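Enquirer: Protein chains in written order, with our numbering: chain A, 1 to 244; chain B, 245 to 488.
By construction, these hints were calculated from the structure, which means they are not laboratory data. Computed from a predicted model, the values in this text were never measured in an experiment. We put the beta carbon where it would ideally sit given N, CA and C, even for glycine. Just so you know, not all the hints are guaranteed correct.
Here are the in silico distance ranges between beta carbons for each label pair [claimed, not checked]:
| hint | chain 1 | residue 1 | chain 2 | residue 2 | range |
| --- | --- | --- | --- | --- | --- |
| 1 | B | GLN293 | A | ALA230 | 21 to 29 Å |
| 2 | A | ARG59 | B | ARG302 | 15 to 23 Å |
| 3 | B | GLN329 | A | GLY138 | 19 to 27 Å |
| 4 | A | GLY189 | B | GLY278 | 15 to 23 Å |
| 5 | B | TRP289 | A | ALA25 | 48 to 56 Å |
| 6 | B | CYS255 | A | ALA141 | 46 to 54 Å |
| 7 | B | ASP381 | A | ALA25 | 44 to 52 Å |
| 8 | A | ASP17 | B | LEU332 | 48 to 56 Å |
| 9 | A | ALA25 | B | LEU478 | 51 to 59 Å |
| 10 | B | ASP434 | A | ALA25 | 26 to 34 Å |
| 11 | B | ASP246 | A | GLY157 | 52 to 60 Å |
| 12 | B | ASP381 | A | GLY157 | 22 to 30 Å |
| 13 | B | ARG420 | A | GLY138 | 27 to 35 Å |
| 14 | B | ARG483 | A | CYS11 | 45 to 53 Å |
Among chain B residues calculated to face chain A with C-beta under 10 Å, some are [stated by the list, open to error]:
| hint | residue |
| --- | --- |
| 15 | LEU290 |
| 16 | GLN293 |
| 17 | PRO297 |
| 18 | PRO335 |
| 19 | GLY401 |
| 20 | ILE404 |
| 21 | VAL408 |
| 22 | SER409 |
| 23 | ASP434 |
| 24 | PHE475 |
| 25 | ALA479 |
| 26 | LEU484 |
| 27 | GLY486 |
Some chain B residues close to chain A (C-beta under 8 Å, calculated; not the full set) [said to hold, decoys possible]:
| hint | residue |
| --- | --- |
| 28 | VAL305 |
| 29 | ALA306 |
| 30 | PRO308 |
| 31 | GLY309 |
| 32 | HIS379 |
| 33 | LEU392 |
| 34 | HIS415 |
| 35 | VAL418 |
| 36 | GLY421 |
| 37 | LEU442 |
| 38 | LEU453 |
| 39 | GLU469 |
| 40 | PRO473 |
Each chain is listed here by its residues.
Protein chains: 2
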Amino acid sequence: MDAAEAATRLCALRLRDDDVQALVAHFGDAERRGKLAHGFSRVEWLESQSFDPTARPRRVVAEPGYESWDGGGGLGYLVLETIVQAQLESPPEHARVVVARRCFPTGALGYWVRRLAEGGLVAVLASTSPRRLPHPDGGPALTGTNPLAIAIPSSDGRPIVTDVSMGAVTHGDVLRGEARPEELVPFGGDQAHKAFALAVGLELLVSSLAGEEHGAVLIVAQPDEDPVPAFRVLAAGRRLPGDS
Amino acid sequence: MDAAEAATRLCALRLRDDDVQALVAHFGDAERRGKLAHGFSRVEWLESQSFDPTARPRRVVAEPGYESWDGGGGLGYLVLETIVQAQLESPPEHARVVVARRCFPTGALGYWVRRLAEGGLVAVLASTSPRRLPHPDGGPALTGTNPLAIAIPSSDGRPIVTDVSMGAVTHGDVLRGEARPEELVPFGGDQAHKAFALAVGLELLVSSLAGEEHGAVLIVAQPDEDPVPAFRVLAAGRRLPGDS
Chain A
1 MDAAEAATRL CALRLRDDDV QALVAHFGDA ERRGKLAHGF SRVEWLESQS FDPTARPRRV
61 VAEPGYESWD GGGGLGYLVL ETIVQAQLES PPEHARVVVA RRCFPTGALG YWVRRLAEGG
121 LVAVLASTSP RRLPHPDGGP ALTGTNPLAI AIPSSDGRPI VTDVSMGAVT HGDVLRGEAR
181 PEELVPFGGD QAHKAFALAV GLELLVSSLA GEEHGAVLIV AQPDEDPVPA FRVLAAGRRL
241 PGDS
Chain B
245 MDAAEAATRL CALRLRDDDV QALVAHFGDA ERRGKLAHGF SRVEWLESQS FDPTARPRRV
305 VAEPGYESWD GGGGLGYLVL ETIVQAQLES PPEHARVVVA RRCFPTGALG YWVRRLAEGG
365 LVAVLASTSP RRLPHPDGGP ALTGTNPLAI AIPSSDGRPI VTDVSMGAVT HGDVLRGEAR
425 PEELVPFGGD QAHKAFALAV GLELLVSSLA GEEHGAVLIV AQPDEDPVPA FRVLAAGRRL
485 PGDS
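Using the sequences provided together with the hints, build the complete structure.
Expert: Printed below as a string of structure tokens:
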């Protein structure tokens, strides 16, 4: 599937034109970065989902250092698109915590924080998704794969973008038969308790602030410093998180 | 060393009485949790360090959703002690980002976020420390072990406390001869790029907000929900992060 086919099929779902454009931009970026589970394959998946194509996310609380949003039954991608645009239009003087209730699916979190960093903001984003990861000792799935994304702007125009899922493989890998279901565990092998602990912390962070349904928590801040260029010098050309 | 000897030796460093009590409480808690590298062994280390025992951390910016503190040349432990007390005394209405410049050492981060959670606040804390972790491809140390701590209060009185360092072993393990220097790498084995990416993201998050010297970034928030009791039911008695 290419961008044109994706746009055509998304239009047929009765999504608004600007929403279609936002989705195609996200899926296309994921394709270019090799994150195929977040790419155009999601169009077919969306065709099988139930959602309100006309829903608009609503900003329920707006204070200088805190915002709360409600996804309103629409797609999480479009909730984050709206939130990212709102932060870039009205950035915090210092820092702001943004909570998004009913925000699923959220796609490749690195995409959203990268755009904030390209707009000059430091950004940290976590979100919840269906429970897939068991305790390292076994048992039922307790947490989502719960990625954590962190982006830092840089005066050299090349932000650093961390986007790490706590799973050893992705759910998409399992769906495509590229990994066995029992491989979908916290990453880290004999230190999987570390990734599990991070997944639990992020799961409960988001659910304590954004509620029982899947949601997201974003922190945006104005950088006081510009550490990335010196860090790249220290790394001496080695590939850093988010580099293509 | 026990608490009494620790207190006596810390007094001899000309620290104030309440600062001595705060340090002994932190070291004692680390001992009880088996985190010996953060325990009373630190007293001897402190005796070898240069710091201003009379320094007081200073709140430079105080807004409802943002605070900036300067450690002022004192011990990072006491900067975090002061910040934790200040948050518990004046919690945010919704959420607050707290940046601490010149804040080193910060000890066991789980200790600080646990106290905030015991006071009813959701807390996330990251801090920087000397560079110890190389890129998974090798080369010089690029980041600290950069722990991330997350604590979630619970109506059952048992908060969940995640406190995860990105290193496969601790620097303390190496100092005590329990690990070889070359084992001090990002955890995760063949997925060490994930822990490295988290270490880089946290390193640059803190340094972009708190400056070149070691610092810390804390997020505190009022929980809207109480997800921990149901999560413990789902986990069916399995040990969860922060359980003793």
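Enquirer: Does the closest beta carbon of chain A sit nearer than 10 Å to the beta carbon of B/PRO335?
Expert: This interface hint is violated because 13 Å lies over the 10 Å limit.
Enquirer: Would you check whether B/ALA479 satisfies its interface hint, that is, whether its CB is within less than 10 Å of any CB in chain A?
Expert: holds, 6 Å
Enquirer: For the restraint on B/HIS379, tell me whether the closest CB of chain A is nearer than 8 Å.
Expert: holds, 5 Å
Enquirer: Is 45 to 53 Å respected by the C-beta to C-beta distance linking B/ARG483 and A/CYS11?
Expert: With Cβ atoms ~50 Å apart, the hint holds.
Enquirer: Restraint: B/GLU469 near chain A, CB-CB cut 8 Å. Satisfied or not?
Expert: At about 5 Å, which falls below the 8 Å cut-off, the nearest Cβ of chain A leaves the hint on B/GLU469 intact, so it holds.
Enquirer: Is the interface hint satisfied for B/ALA306? The criterion is a beta-carbon contact with chain A at less than 8 Å.
Expert: violated, 11 Å
Enquirer: Hint says 15 to 23 Å; check whether the CB-CB distance for A/GLY189 and B/GLY278 agrees.
Expert: For A/GLY189 and B/GLY278 the Cβ distance comes to about 22 Å; the hint holds.
Enquirer: B/LEU290 was flagged as interface toward chain A. Is the shortest Cβ-Cβ separation under 10 Å?
Expert: violated, 28 Å
Enquirer: Per the CB criterion, is B/VAL418 less than 8 Å away from chain A?
Expert: violated, 16 Å
Enquirer: Look at the Cβ atoms of B/TRP289 and A/ALA25 and judge whether their distance stays inside 48 to 56 Å.
Expert: For A/ALA25 against B/TRP289, whose Cβ atoms are near 51 Å apart, the range 48 to 56 Å holds.
Enquirer: Taking the least C-beta to C-beta distance, is B/PRO473 closer than 8 Å to chain A?
Expert: violated, 11 Å
Enquirer: Checking hints one by one. Is B/ASP434 an interface residue toward chain A, by the C-beta closer than 10 Å rule?
Expert: holds, 8 Å
Hint compliance for this structure: hints 2, 3, 7, 9, 15, 16, 17, 18, 19, 29, 34, 35, 36 and 40 are not met, and every other hint is.
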